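Student: Sequence:
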Amino acid sequence: MLLAPGKGKYHTFIADGDKLEQGEDRWQITPSMNRVIVIAFEEDYEAIMNSPGKLASAATGDGYSRMAVTSFKLSEFIRVLGYNAIPAGNGMRK
Numbered sequence: 880m881l882l883a884p885g886k887g888k889y890h891t892f893i894a895d896g897d898k899l900e901q902g903e904d905r906w907q908i909t910p911s912m913n914r915v916i917v918i919a920f921e922e923d924y925e926a927i928m929n930s931p932g933k934l935a936s937a938a939t940g941d942g943y944s945r946m947a948v949t950s951f952k953l954s955e956f957i958r959v960l961g962y963n964a965i966p967a968g969n970g971m972r973k
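If you use my numbering, the sequence shown corresponds to residues 880 to 973, in order.
Calculated from the structure, these hints are not laboratory results. As the structure is a prediction and not an experimental result, all values here were calculated from the model. There could be a bad hint or two in this list.
What the hints assert, rightly or not - Restraint-style ranges between C-beta atoms, simulated for each label pair:
| id | residue 1 | residue 2 | range |
| --- | --- | --- | --- |
| 1 | Gly-940 | Val-917 | 14 to 24 Å |
| 2 | Ala-967 | Ser-936 | 18 to 28 Å |
| 3 | Ile-957 | Ser-930 | 29 to 39 Å |
| 4 | Leu-934 | Leu-960 | 34 to 44 Å |
| 5 | Tyr-962 | Glu-925 | 32 to 42 Å |
| 6 | Glu-925 | Glu-955 | 11 to 21 Å |
| 7 | Met-912 | Ala-947 | 16 to 26 Å |
| 8 | Leu-953 | Glu-922 | 31 to 41 Å |
| 9 | Asn-929 | Gly-961 | 42 to 52 Å |
| 10 | Ser-930 | Tyr-962 | 31 to 41 Å |
| 11 | Arg-914 | Ser-944 | 19 to 29 Å |
| 12 | Val-959 | Met-928 | 38 to 48 Å |
The C-beta atom is built at its ideal place from N, Cα and C for all residues, glycine as well.
Using the sequences plus the hints, can you model the full thing?
Tutor: So this is what it looks like as structure tokens:
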């Protein structure tokens with residue numbers, strides 16, 4: 880599967896068999912990568928209801944931070960098990 884980039888730069892993972900290499904212009908995913916893990920993170924409802932404002936921004940930032948850390952750690956765990964994994968979140972841009 881090849882996902883062409885829009886505007887801006889994307890990571891590239893070029894398939895060499897089942898080995899992934901990073902580049903700069905597109906995502907190329909090996910045929911063996913045929914599963915997706917989706918995770919949702921709860922944000923503080925009361926804080927978000929204060930939008931626009933600093934409290935809402937902090938709650939949103941906390942959610943995105945937890946998403947990034949969890950995505951990275953989960954992908955590393957999957958790689959240790961011997962599978963390919965690409966951590967991604969919202970747009971997958973550099």
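Student: Hint by hint, note whether the structure agrees.
Tutor: The hints, checked one at a time:
Look at Gly-940 against Val-917: about 21 Å separates their beta carbons, and that is inside 14 to 24 Å. Between Ala-967 and Ser-936, the C-beta spacing of about 23 Å keeps the proposed range 18 to 28 Å intact. Distance hint for Ile-957 and Ser-930: a CB-CB separation of about 34 Å, consistent with the stated range 29 to 39 Å. Distance hint check: the CB atoms of Leu-934 and Leu-960 are about 39 Å apart, consistent with the given range 34 to 44 Å.
Taking 32 to 42 Å as the suggested C-beta distance range, the pair Tyr-962 and Glu-925 conforms, at roughly 39 Å. The beta-carbon spacing between Glu-925 and Glu-955, approximately 33 Å, falls outside the hinted interval of 11 to 21 Å. Checked against the hint of 16 to 26 Å, the C-beta distance between Met-912 and Ala-947 comes to roughly 20 Å, which is consistent with it. Restraint check, Leu-953 to Glu-922: a C-beta distance of roughly 19 Å breaks the suggested window 31 to 41 Å.
Distance hint for Asn-929 and Gly-961: a CB-CB separation of about 45 Å, consistent with the stated range 42 to 52 Å. The hint said 31 to 41 Å for the Cβ distance between Ser-930 and Tyr-962, and at roughly 39 Å that hint holds. Checked against the hint of 19 to 29 Å, the C-beta distance between Arg-914 and Ser-944 comes to roughly 25 Å, which is consistent with it. Checking the proposed 38 to 48 Å range against Val-959 and Met-928 shows it holds: the Cβ atoms sit about 40 Å from each other.
Hints 6 and 8 from the earlier list are contradicted by this structure; the remaining hints agree with it.
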